[in-house]
Each structure stands twice: as structure tokens, then as C-alpha cells.
Amino acid sequence: MDWTIEGLQRICLKMYAPEPGIGDQAFVPIFHEWIRDQALENLVLFDVADYAHVPESPGIVLVTHEASFSLDRSDGLFGLMAQRRVHGSGEAADMIATTLRHALQVAAKLEDDHRLTGKLAFDRSRVMIEANDRLHAPNTDEGYRALEPVVSTAIRAVFSDSTPRVTRVTNDPRDRLAADVRVGVTATRAP
Amino acid sequence: MAAEIDEFEAQMQLRKQLKIDEKVFAELRLRRGAYGQRYDNGHRYDGSRTQEIPFPRRGLTKGPDTEFDAPGMQRIKIPFGKMSAEQLEVLADCAEEYSNGILHITTRQDVQLHFVDIEDTPDMHRRLGAAGITTREACGNSVRNVTGCPLAGICHTELFDISPYARAEHLFLLGHPDVQDFGRKFKIAFSGCSGEGCGRAMMHDLGFVAATRVVDGRDERGFRVVVGGGLGPVPHVAKELYDFMPEARMLPVSQAIARVYARLGEKRNRAKARVKFLVAKLGIDEFRRLVDVELEALEPDARWQQWVDDAEQSHREWKPAPATSDGARPAPGFEEWTQTNVYDQRQPEFVAVTINLPLGDLTSRQARHLTDIMRRYVSDALRTTVDQNLLLRWVHRQDLVSLYNDLYDAKLALSGAGTITDVTSCPGTDTCKLGISSSRGLTAELRAGLEARNLQLDATLKDVTIKVSGCNNSCGQHHIADIGFYGSSRNVGSYKVPHFLLLLGGALEDNAGNYGLAIGAIPSKRVPETVDRLLDLYSAERENGEAFRPWVMRVGKKTIKGKLQDLMVVPSYEQDDSFYVDWHDAREYSIGDIGVGECAGEVITLTEFSLASAESKVFDASLIVDDPTATRERVLESSALAYRAMVLAALGLLKTKNPDARSDPETVFSDFERQFIDTRLFFERYIGNSEWPYFQAAHEAGGIARDRDEARRRVEEAQLFIDASHACYTRLCQAQGGGSPVLPWALASPN
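These protein sequence lines are chains A and B, in that order. Under the working numbering, the letters of the first sequence match residues 1 to 191, in that order. Under the working numbering, the letters of the second sequence match residues 1001 to 1751, in that order.
None of these hints come from the bench; they were simulated from the model. Don't take every hint at face value.
[Said to hold, decoys possible] Here are a few chain A residues that sit away from chain B, every Cβ distance over 10 Å (derived from the structure):
1. W3
2. A121
3. M128
4. E148
5. R156
[Unchecked claim] Once the Cα atoms are required to be at most 20 Å apart in a straight line, the calculated EDC-like pairs of lysine to aspartate or glutamate come out as:
6. B:K1411 - A:D123
7. B:K1563 - B:D1510
8. B:K1411 - A:D24
9. B:K1411 - A:D75
Please read these numbers as outputs of a predicted model, since none were measured by experiment. By construction, the Cβ of each residue, glycine as well, lies at the ideal position given by its N, Cα and C atoms.
The whole structure should be built from the sequences, with the hints applied where relevant.
Here is the structure:
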């Protein structure tokens, strides 16, 4: 084995929501406003990218130094995708936990935005986590055996009162190693 | 290659320790294809002011004014667009892991990934390298991606398949010592025929157009060689260097040209450093003489022939047997799609299929899906195209329905490829540091509007081409479209308004050898309406099935402009503030991400009057040079008009300092030099003095041009000088903390 899961730094995770029934462009002014106000804690916000013209794409993306946050449909389902961008000093579980906290912050702020009132409701009981690094987390049985405890640790760090159920996402072997996480909290908006 | 990437990684570490100068590191990373991206200077305009972006290692740079922590763009060379399934898979993985899961196809057949952390680039380069993909010299002052007609080998009009030659050229020049000392980039293109536009040879620094001749009763292959073409702010159509050059001479001739360019090309003034300026300065005959001298002096190199032979051998494409049997039912849209996206190959059993990518983008997931499709139907026969699409070649006719169904499932079956709805665009203000207006935002709007009208199937309009660039650097190739736009900015009262300059009458035919000329600046938000009106006018007025360009030439740009005049007007901010925000943005518009405040009153300054007058003069000049019936005397007169336009623009700026500035050309020139050049007021921070030499040259020539080419160039240069004057005026306004400067001599608007 020439890899170690502890080297995993690049993470994607997605929280799903029913289709909001609004055009993607509605998110553009919101994200610009957040950048202007540097409105998210522990994140350096600086750009908005627009891929709404591409089917099943990241859609509208808020770009920060630490992570990108997109209103994503890349797997055919709507949700908030967080993609950790930079290398950190912590271990893999810390990276996942940090990214999840960031995503929860973004989700809550979107839900609270007056322009989206009643239109967005993210399901916090389910998170899809992808190891966005084929070199440090290959999409193999061995890779998943290494990833699963890391994901469990991260989830418990964020949702302290939860026992997460983690299952491997069955996907194309060329795709990224991914885990579907069910968390026993549905009502919690911010842990 | 591995050693080079290791070395680059080491250089990056040294830069982090400040042991390599930032300028040196910038060129090193550029030569690895790692480019800058918007906001990487650490500042961003937020709609009301410019804010500093608090990157963690603020001050650590990867180039002048380029924050190390800011993400960048990675350009990846795909020589003549040829890509295998394995390579596409690796690109998809890299886009997912190092970018945002989007692969962007460029107008020069490259792939670009955006928002890439520089620290990830060595790993990415290794992974790409393992699949036989290089990023070397994808940017920087060197030989860029060698492009070629995507239909090469299957086309009805080609003389022979240029693919092996393009590959040989790429391999021979990659990292060659003779291409390491250029003042600017150098772009090469191959075309299999002279009449079509797919190869774009005439707009390249060096173009090879397939040619044959009979020697001793046998066909001999070779090329017509053209040199000194290029778009950009001052477009040049390439000149013929050799009417026929045998194939065995292709590489030594390329090497000799590179040596002449490296030795004599401009190095200090980037705006004049492309080979087109050298060819214009020396004249094609002298340039040819120098190349011939260089050829004589070259040490013979076994690779000259070997590369061509090897490339020929390595380029045998697989002709697949059918992968499916008859009987599949097509998914919706098949008939329409076959009308626009399917090309009958020269080989009767096969077709080529264009995958129409909106704005040149596809996701990693789509790309992976596409590799499955490739393996099932065509193996590795995929090309990127200069229209920002993908082309699947060698599709067996029997497989067409089944292939369509698979593309449909992958959301890759959009019809309208190569039609009016297939608008191409550079990245513009989305990610480019030089972008002035939102070319991608506009293009998305245009595509949606044209598709809604189903114009991809309209017999009259479907072949009209539209191309959009975010600035005058022409990455969207606006000069060679029937309808071209490039981003520009105009002051309206105390605000800046995003505009696009409209060009009409370019053409793809003849290897993109006819460029459009400017009509006038249209507010961004009125561009879709402008396109609709142009199409309506063309539909109503075309005679005997004439194409768009001949219609423009017949009716005349002055007439057309007259019919668009109302669309050039910007409503006041109070009437409609949406004009003051660019497409797909939410911020009040600004250029250069420099803050803008507001200024009292709706006023038209003397400067604005003078700039408007300059615009008018240059438009008149453009009408003359664009008129094929114009006499030589008239054409030369256009140069004088263009010069006069520059004088007026300069005078306008002088009036910001002195309302009574003298207007005779000699005084304007010397005052302008003293007050705007010596003080560097005229210079844009990141571009430098690129437009000032145009005024200098025109002044030194007394406005006189030697020939039609020079007159045409002067008109183009005058337009650029006026654009730069607008930009300078905007900066002056901003420096005063508002829109139009609050000057005591400002005149009240007549409205």
C-alpha cells in the first residue's frame, strides 16, 4: 500500500435539499453580498462562478480560499456541495469535520436569507462524503476500510449526540471513493 | 518530463522561501501552463468599493502583483485537439480533484481548468504526463498549442491529412532551444485545405496549408506557408512566405522562422512583440530572405525527417466495425441533432459527430461518460475543436442512433453545433484578469435567446456565426465571425457602463482570412436586442440567398449602424439601473476592479465630446478601408482620418487638465506626451503603454499610410487608442472619487 488515508486533505461533501424552484441566478447576488461582507466565519470569500449553463453541474459556486460551495446537481440531485480546496495541517478526520462545519454554516445562512425564505431546506440527516483524492484514498475496498472510521470520527466530532451510519456509495470504480452518512439528527440546524 | 516537473516543484518551494525572484517564477510557472486568474492581485471590487482579499499568506507572491494563495488557471495542451479516452479520463480526474469539476475547451483546442491551487500543480502535471499530456509551454513566451483542423483525415475538401504533420511540429518544437527566447507567444496552425475555415491558418503566427504539386509525374505533398497573422488588438492577416514548401522542409523552415523571430522580434514592448509586427516592419520579402539565410546556416538535424516519418506511422486511426446492430429507437431530438451535429465523412460508412458544449464546458462526470462512449464506438478518435466543442470521428453509420442515445443519457446531445446558436466565448470577466465585460454571461444569454427562437434550424439564419470576447485581445476570435463582439467600457454621466464593441463582416472561409471591422459600442444589456435586429434586417434584406458577410458589404456598415443607433443609447441610471450591472453579475459595474463612487450631476464633459468625435472619425475611416471599391487615394485618406481620431481622443484627455488645450496635431501630440505619457497617467497598470505607440507611429507618419494594409491597421490602432483613452478617462474619474470629473468647465447635458 503506497498511500495513507491520513494524507487525505481534499474532501467533497454534499447535503441534499428538494429542488428550490427558483432560478440558479437567484444565488448570484446573495453570494456577491456575502463576499462584500465577508459574511462567513473562518472563510476568505472572493469569487462567484457560474456553471448554470452546464447540465448536472456545480451550478452557481461561491469560491472561498478554503473551500468552494456550489448549488450542485452533478449527481442529478440538488444540494449544497462543499469542496475543500487547500491543504491543512490536521488529519483527514479534521478536514472532513471542518468542511462539514463550513457547509452547515453556508446551508443555514442560505436558508435564512430573506430572498430564499421557505424555498430551501437542507436535509441535515444525510451527508454524502467524497474523498476527492484518488492518490490518498483509492476507490477500492481497502480504501473504504480506511476511510470509514475517519468519516465516523469526523461526524461524531460535529454531531456529538449522533451515532452515524456510514455506508459505501456504490459507484463507477473510476469515480471517487464516497460514503453515504446518515445522522440521527433531523431537526438540528446548527450543531 | 518527470525531472522538469520535479524541478518546477523545487522552484515553487524556493519561491515560497523568497529565494527566486517573483518575475522569474512567474515565467517559470507560465511555461508550465499555470496562469493567473482574476482577483489574484488580492483585490476585488464588491459593487461599491475595492476590498483587499485577506489571503492567509498575504504578500507572498507567485509573480508581480499575484498572490501566491490566489487560485489560478491551468492550461493544458492538446496538440491538434487529438485526445484518447485514457487522456480524457485523466483530465476528468484532475478537473475534479484540483479544479471544480469543469473542463473548459478553448478556441485553440486546449483544455483549461480554473481555480487551481499552485501547490497542486506538480502532482497534476505528473498525472497528466503519465497519460502523455503536457502543459509545457502552454502559456508564456513560447510555442503554444499547435492547432489543426478537427476534420483532418475525414474531410471532403482536404488535400491530405495534416494530423501527422501537426504532431511532428508539436513534438519537434516542444522545448526546442530555438523557441525559448521569444518576446511573445507564437501560435501555429495546420489546415488541410485553403477554402474552409476549420484550420484558421491565416490568423496565426505561422500557418501551414496543405498543398500538392506534381513532380516527375508524382504528387508531392507540401504546404503553403503563411506567417505573421494574428488577431488580438491589432489583427493581421498572415502573409504568404512560400507558395509551396515540400513536407520534408516543414521542420527546418519552422526552426528558421523561430530563429529569425527570436533574434529580431521586439522584446521590450509586449504590444509590438508578436511576429506579425516583425513581418509588417520588415516586409514579407525581407522576412523571407532572412528565413532563407537562416535555413542555409542551420545544422542538419536528423529529426527533421524522422519526426515526420514517425508521426505518420503513429497516426493510423482505427476504423471501427459497427458496435451495435440496427433497431435502436432514438431518444427525443434525434432528427434535429442529425441535421446540425453530424458530418458525413469522406469515408462513406462513417460520420463524425460534434458534441456541442455550452460555452465550451463539460463536467468531469460527463467526460467520464464520454470515455465509455468512445471506447464503445470510436476508440480514441476524439478531437477538441476551435469552436469549443468535441468531435467524435469514425462513428459507424449503423451506430448513430445508439450513440445518440448514449450521448443523450450523458446530457451531451445538444443540437445546433456549428450553427448560429453555437456562440463561442472566451472566459472574460468570469476568470480572466484582462476581461472588461462578461463575455460568458452575454454568450449564455445569446445562446438561450437564439435557441428559444429555434434559429439553429432556420434555413436563412442558421449559418450566421457569432463570437464574443471579453476584451480586445480576441481570445473569443470575434474578428472572424459574421457578428463579433468584444468587451469595452464607457462612461455615462457619473457611471461606467459595460459595453461590447460590435464588429460585422468577418468570415471563417479562406482559413479565417477576412476580419470584421468595428461598427460601434453597444451597451451589454442591449446586445441580445441588437443581434435580433441585425438578424431581422438580414432576413428582410438579403438578396438571392446571399450570406451574411456579402449582405453587410452590400448594404454598408454606415446604413446598418444607422439602424442600430437607438440601441447604442444608455438610459440614465435612474431610468434603468440594470444597464449599469454586467450579465450574470450583481455588482454595479466597474473596470479593473477599481472602486467607483458617485459624482454629482449628469454632465457631458469636453472630454466626452472629444472622445465621441474621435469615435465618429474612426468609424468613417473604417467604412473606407472596408469598402472594396474604394480607390487607393480614398483608402490612404482613411489613415489620415484614423490619425485625426487619435488626435481628438488625446485632445479629449488634455481637456481634463485644460479646457482651452490647443487642438493642432503637433501641439496635441507634444502636450499629450508630456502630460500623459511622461507622467504615466495614460498607462494601464497591468498592460503598460500598449496603445501609445500607435499614436506615436501615426504621428510620425503624419497620418499617411503606404498601402491598404497599413491604412487598415491604422484604423484598428486608432480604435484601440480611443478605447484606451476611454479607460484612462475612467481612471481619472475614479482618482477624483467619482464618475466624470467634477470640472468647472463641464457642460450640462443637452438632455
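Going down the list of hints, with the structure as the test:
In this structure A:W3 is separated from chain B by more than 10 Å, as the shortest Cβ-Cβ distance comes to about 13 Å. The beta carbon of A:A121 is kept farther than 10 Å from every beta carbon of chain B, the shortest such distance being approximately 24 Å. Every CB of chain B is more than 10 Å from the CB of A:M128 (nearest about 14 Å), matching its label as outside the interface. Distance to chain B confirms A:E148 as a non-interface residue, since its nearest Cβ pair spans about 21 Å, more than 10 Å.
Distance check for A:R156 against chain B: the nearest CB is about 27 Å away, which clears 10 Å, and the non-interface claim stands. About 27 Å separates the Cα atoms of B:K1411 and A:D123, which puts this hinted pair outside 20 Å; it is violated. With a C-alpha separation of about 30 Å, the suggested pairing of B:K1563 with B:D1510 is violated against the 20 Å cut-off. In summary, the hint linking B:K1411 to A:D24 is supported, as the alpha carbons are separated by about 18 Å, within the 20 Å threshold.
Distance check on the hinted pair: B:K1411 and A:D75 sit about 12 Å apart at the alpha-carbon level, within 20 Å; holds.
Against the hints set out earlier in the document, violations occur for numbers 6 and 7.
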